[in-house]
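> Position one of the sequence shown corresponds to residue 245 (the numbering used here), numbered consecutively onward.
Incorrect hints may appear among the rest.
Unchecked claim - Derived CB-CB ranges, DEER-like:
no. : residue 1 : residue 2 : range
1   : R258      : G339      : 28 to 36 Å
2   : P350      : G313      : 30 to 38 Å
3   : G313      : R351      : 13 to 21 Å
4   : G341      : L299      : 13 to 21 Å
5   : G303      : S361      : 31 to 39 Å
No lab work stands behind these hints, which were simulated from the structure alone.
Each residue gets a CB set at the ideal place from its N, CA and C atoms; glycine is no exception.
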Amino acid sequence: MARVDIDRHEMRVRFSLLERLATWRGEVLVPLTAVREVAVLERPVSHARGGRTGLLISGVLKIGIWGLGTEHRQLVSVRRQTPALRVRIDRAATGHGFDELLISTPRAAELAQRVASPARM
């Protein structure tokens, strides 16, 4: 499962070996100034849509890039029974090839509060 850490200036997502193979990256750094919206999704698997490159176990697991062939791309690592942090970002400000991260973590609610808080730790 991906590990998400947040400090005063950025969010860092570190991927496991399986996730690295499916996403083609070991980690993603997102400046908090590039975050446009943050939310917690209780059933995240259904929120990844469109064409994809990555790993799919229908209804259970999605890892990779979703939204191929559309203007809205998602970097996804979600599992059926684990809530996810949904972070919409400014693609131009980050230089990443996606507009949204969907990352399952048991700490999704806590992390969403930290991203949204002006006094980040």
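> Do G341 and L299 keep their Cβ atoms within the hinted range of 13 to 21 Å?
holds (18 Å)
> Verify the CB-CB distance for G313 and R351 against the hinted window 13 to 21 Å.
Violated, since G313 and R351 (Cβ atoms, about 32 Å apart) do not stay within the stated range.
> Should the hint that P350 and G313 are 30 to 38 Å apart at their CB atoms be regarded as holding?
holds (32 Å)
> Would you say the C-beta atoms of G303 and S361 sit inside 31 to 39 Å of each other?
holds (34 Å)
> Within 28 to 36 Å: is that where the Cβ-Cβ distance between R258 and G339 falls?
Between R258 and G339, where Cβ atoms are some 19 Å apart, the hint is violated.
Hint compliance for this structure: hints 1, 3 are broken, all remaining hints hold.
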